[in-house]
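Using the hints provided, position chain B relative to the given structure of chain Z.
Residue numbers (the working numbering), protein chains in the order written: chain Z, 1 to 692; chain B, 1 to 692.
These aren't lab readings, by the way, just hints derived from the structure by calculation.
Check each hint, because a few of them may be wrong.
The list makes no distinction among identical chains, and a pair is therefore deemed to hold if it is satisfied within one copy or across any two copies.
DMTMM-like cross-link-like pairs, simulated, lysine to aspartate or glutamate; straight-line CA separation at most 25 Å [as the list claims (entries may be wrong)]: (1) Lys584 x Asp464; (2) Lys634 x Glu531; (3) Lys342 x Glu250; (4) Lys584 x Asp223; (5) Lys561 x Glu506; (6) Lys634 x Glu250; (7) Lys342 x Glu108; (8) Lys628 x Asp586.
Protein chains: 2
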Amino acid sequence: MTTLADLLEPRSIAIVGASDDPTRIGGRPLSHMINQHFDGGIYPVNPRRDTVQGLRAYPSLTAIDGDLDFVLVAVPAPLVAEQVRAAASKNARTVMIFSSGFAETGAEGTAMQDEVTRIARETGVRVIGPNCLGAFNSETRFYPTFTSTIDRATPQPGGISIASQSGAYGSHIYMASHMAGLGIRYWLTTGNEADVHVAECIRLLAERDDVHCIMAYAESIKDGAMLVDALEVARVNRTPVIFMKVGRSEVGAQAASSHTASLAGEDAIYDAVLRQHGAWRVKSTEEMLDIAYACRPRIYPAGKRLGLVTISGGAGVLMADAAEDHGLDVAPMPEDAQAEMKEILPFAAPRNPVDVTAQFFNDLTLVPRFTKAMLDRGGYDALIGFWTSVAGSPLLGTPLLGHLTETMKDYRDRLILHVMLTDDEMKRRYDEAGFPSFEDPTRAITAMAALMFFGEAFANGTPDVLDLPDLPPLPGGPLGEREAKAVLAAAGLPMVEDRLAATAEEAVAIARQMGPVAMKIASPDILHKTEAGGVRLGVTTGTAAAACDEIMAGARAYAPKARIDGVLISPMVTGGTDVIVGAKTDPVFGPVVMAGLGGVFTEVMKDIAFRRAPVSAATARGMIDELKGAPLLKGARGQPPADLGALAEAISRLSLFAAAHGDAIESVEMNPVRALPGGCLALDALIIKREV
Amino acid sequence: MTTLADLLEPRSIAIVGASDDPTRIGGRPLSHMINQHFDGGIYPVNPRRDTVQGLRAYPSLTAIDGDLDFVLVAVPAPLVAEQVRAAASKNARTVMIFSSGFAETGAEGTAMQDEVTRIARETGVRVIGPNCLGAFNSETRFYPTFTSTIDRATPQPGGISIASQSGAYGSHIYMASHMAGLGIRYWLTTGNEADVHVAECIRLLAERDDVHCIMAYAESIKDGAMLVDALEVARVNRTPVIFMKVGRSEVGAQAASSHTASLAGEDAIYDAVLRQHGAWRVKSTEEMLDIAYACRPRIYPAGKRLGLVTISGGAGVLMADAAEDHGLDVAPMPEDAQAEMKEILPFAAPRNPVDVTAQFFNDLTLVPRFTKAMLDRGGYDALIGFWTSVAGSPLLGTPLLGHLTETMKDYRDRLILHVMLTDDEMKRRYDEAGFPSFEDPTRAITAMAALMFFGEAFANGTPDVLDLPDLPPLPGGPLGEREAKAVLAAAGLPMVEDRLAATAEEAVAIARQMGPVAMKIASPDILHKTEAGGVRLGVTTGTAAAACDEIMAGARAYAPKARIDGVLISPMVTGGTDVIVGAKTDPVFGPVVMAGLGGVFTEVMKDIAFRRAPVSAATARGMIDELKGAPLLKGARGQPPADLGALAEAISRLSLFAAAHGDAIESVEMNPVRALPGGCLALDALIIKREV
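This is chain Z alone, in the form it adopts within the complex (with noise of 0.2 Å):
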């Protein structure tokens, strides 16, 4: 459990700089909560008066008698430290801090903002802010926060929360939210996040019970772990996480870095971690709210196979085509199943989508009759039913609820969503009776694939915890390729014979036992041996001498200050297809491990695969599935199918090499890895140790 965790449900609530008008920052809280009945202690504090909007008010935070709880501030930023201190000496749990002029000004605001972190690390009271719009639960009634939207729509409890990085934005989700009927249980907003990240409340909301869908809005995430840690939390209590992470464009992420004051972390990286962890992101308010609502049957498909059933033949098309945009499995239905669907409708298209046409009018039953075929013979994990205008009619719409109604109840772990314009009234008589409703058929399709998703995540449950090897540590100095490749050698890891030579004589001989060869410089300062003249392929016994005798003279011209070791040769290895497998600290997540394919795909086409290390192989060989020039491996273009068991294990054993070594290492990379039809080779490896 976080220290947050009663965060939600205080028994009181002080207010610093409380103010007695309710248009104020320091009015409007007080006024939510006097005018909504909130049932915990409330005390203004306020040196100048008396009462506060009908309340008593206290001259400050040490004339109230007894412990705080919660303590919310709104004065001026240079009078906030002392008031947090303040709360801490009164036991508070929680101060909540609205006021702005903090790190997003500049460097006196910044630190300010660290002697506030600096007290919260002192003395355990979690703070929340400071240039925070607020909080509230919509269950007690508890409204600490200023955003003006509570006045104008007055949250309804209900299953789905949210956490946001930014007010104002997070009070848009709100109010989006409100006006589609989505009640909302709690809101959390935690602007500059000197101490409480967006992360420790999502991980907040994850462990609550009465949280069945959590929505979140992040520019940044401060703690990587906590985020993971988060996720996974949600994950075992099955509850969806739905992230809009921004920043992903170079003008966004510049937005972003000046709005929040912290760098926003590489965007493919974010992606990489969030699918891992079972989170899933949107690009848009209407994508994150479209889910949430989908939610709330809380069923969530075992599969991906997904029957469309429809009264328009051009609505299943369009429905085929979203769904493959997003990986799902329009199967067909089994040959006998449809020759029997033709045999109660002959002009009914059976294949899935499936048609039951205009004859719907005139025999309904057709519907239940169809929808009962693709569970029980399709064996679809999921539904998507389009009624278009006619389940809006009164006429209509009534017993096709009924007709599905009766169905379904045989079907409880199957969703199924429909798509259907109509009045709210109608579509709440759908939503009562478990029954999502779309106006816009490619939305259903975009949320039954979030839902599908999710069902995956929860039954892949939380990844197995791999044990870190123990691994001498690394040698001191910068690594040239022969140590990267014996230290990766030892680790386990599939490496090209080298041996060293250090003159042509050793050079020749060599190249006579192993045949054509590699050879490259060696030197520990020689990271770029190919701008450093340093490398020959295809070198023969004939041509080995005068190769190593150019390699060195070339080196030394290049960097004549460089160690040089001699020349490192190496077999030449022919066939296969060469890849990147590479491992990074990033500064959010630590250790993550990526894989593309080499050249142009990873530098042009961008097609590189991540994941936060360690990995085992079975989630490496997803890493190899999802790049797009994975058929390069799988035999596109005649050649040879790669062994990608072999070369997932390279992966895997990467990324624990990576996760092993932690900090000690900024980047580590094989490249190429050669992958062949049995095995694979790491032809060249770097390793760079981070700056201590």
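For chain B alone, coordinates are given in the frame of chain Z:
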């Protein structure tokens, strides 16, 4: 003008199969037009009744006095053809057929449909359908349709019109538009398209001044030339066409072809042709409606520079991300203008996105001041303002609207969209002021991207008509590499030099002159030269004799009956990047030209650009730029940049070649074309003639 021109405004309508029951297919259109007071003549045809729904009934079409105009047919399929004939004999201009049981049901139905097509061609009467849900003109209350949607939602005239191949989905689009408050002027569905295709309906709508925006839906296009023509008419009239072409996916295409009994054609080509001719393709109905709505002010921005002004930093980040997804330019404000904005409001983010912060609440004039600065100093082509729920507050929404109206009246050519959560009344007031608004910021960005696309398409105008070269007919019989190269070289394409050697001795002599050479089997009967063991690269004088003998022996073993002319010898071309340039005859759009990077880029990454042929060199340059792998041609990975002008010229010439030969060619491919720092050179070529 299409001969459909009068379809939408007939003087009278005769309904064959008119029913007294207003809920039946033959009764509904009658009931719609009686209730809504269509002011043309209505002639029910029903031999078993004297009156139908209170109107005098006629026993047959021929029993009606004088000429007919529009004839609606709702009788069983086998009786339809004679009614079409009767209509034509009475000089009807249009026959619309509701009846199903035609091509969608199999061979017998197809024969009946072909008969209808034949009558249309012979008599000149235009036929809509069969299996068609109908059409409407909401202005004249002309409702030849049996959709029940009309009962639930009386059409409201407006500037938007709909052309849809699918009746049921067209009906869904209509109903969704109605619910979104979008007035629909004309609504046309085409069903089985025995005569009139959806493309001609788009053309009809594009010709009309009272149509400001066209929404189109199609599963297949039967007449690509008509579609192109329709889109260019729309472009000239500055009428945006928003196009939903479904069947993108494998399952979707399969469902579409079983549904419409016509081949969908290649999706990437639809995509390219729609873009080339100024139509915006959507994947969702919601996007279609959003864009049509945003077209209301009829302002199509002149460029892609987008200014974002918000009261939430987070919303700015989110919108900047979405703008980048669409390739819009969220360019920064000039430095000096930023400094001035900082003077007005020290905590503002003045760069773009511009954040006026919560200070907005205290000083609403910040909005017009900042907005004006963005238009004047930033020179943005369009703006999006993010006001979330505060615009919905009566205290703020009304003065904000006043400020915005006052500011924007001096910038009639600049579009501004708004993001706000508000009630219908406030939204209506913004709409009336020429300010479309969205609840979701991402949807506003997508609509803006479409409007900027239209602005560019309208400014570009119809592509130059290129004169086709006067080329000699292709030689008879299949063409080998040598013949293909000669034909293309004669058409001005840069082909590598080649010489034919009939014997090993000749091969050696040629190799001696050319230096290292490529040697390939020369046979018009062997298309797959590598498979036949018929290719050797880097052949020197010393190895030329053996290589030539091996190639010829290999080819004889591979294809004993093939005519073998000898070996074709070309100099090895070093350096540069391999590109594929080709053209083929598409069943829908005729000759199309394609360009892509070679090998894995084309086959695995599907990174190919298409256009309808012919294209100018400037258009060809645009094809190169849209390739994801384009950086490889522009100097990525330390490569010298390729001569893109020469490559574009080659693409253009190949497109002219393909267009000039039209139906004579199935496909032509230059693979590879080596793109060099100076010029480019095709190293191989293949022409496949069309089987006649």
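The hints, checked one at a time:
1. Lys584 x Asp464: Classified as within: same-chain Cα gap 21 Å, cross-chain 52 Å, threshold 25 Å.
2. Lys634 x Glu531: between (33 Å within a copy, 21 Å between copies)
3. Lys342 x Glu250: Between copies only: 23 Å across, 54 Å inside.
4. Lys584 x Asp223: Cα proximity of Lys584 and Asp223: one copy only (17 Å, versus 55 Å across).
5. Lys561 x Glu506: within (24 Å within a copy, 56 Å between copies)
6. Lys634 x Glu250: between (34 Å within a copy, 21 Å between copies)
7. Lys342 x Glu108: between (76 Å within a copy, 18 Å between copies)
8. Lys628 x Asp586: within (24 Å within a copy, 27 Å between copies)
Going through the hint list in order, the structure satisfies each hint without exception.
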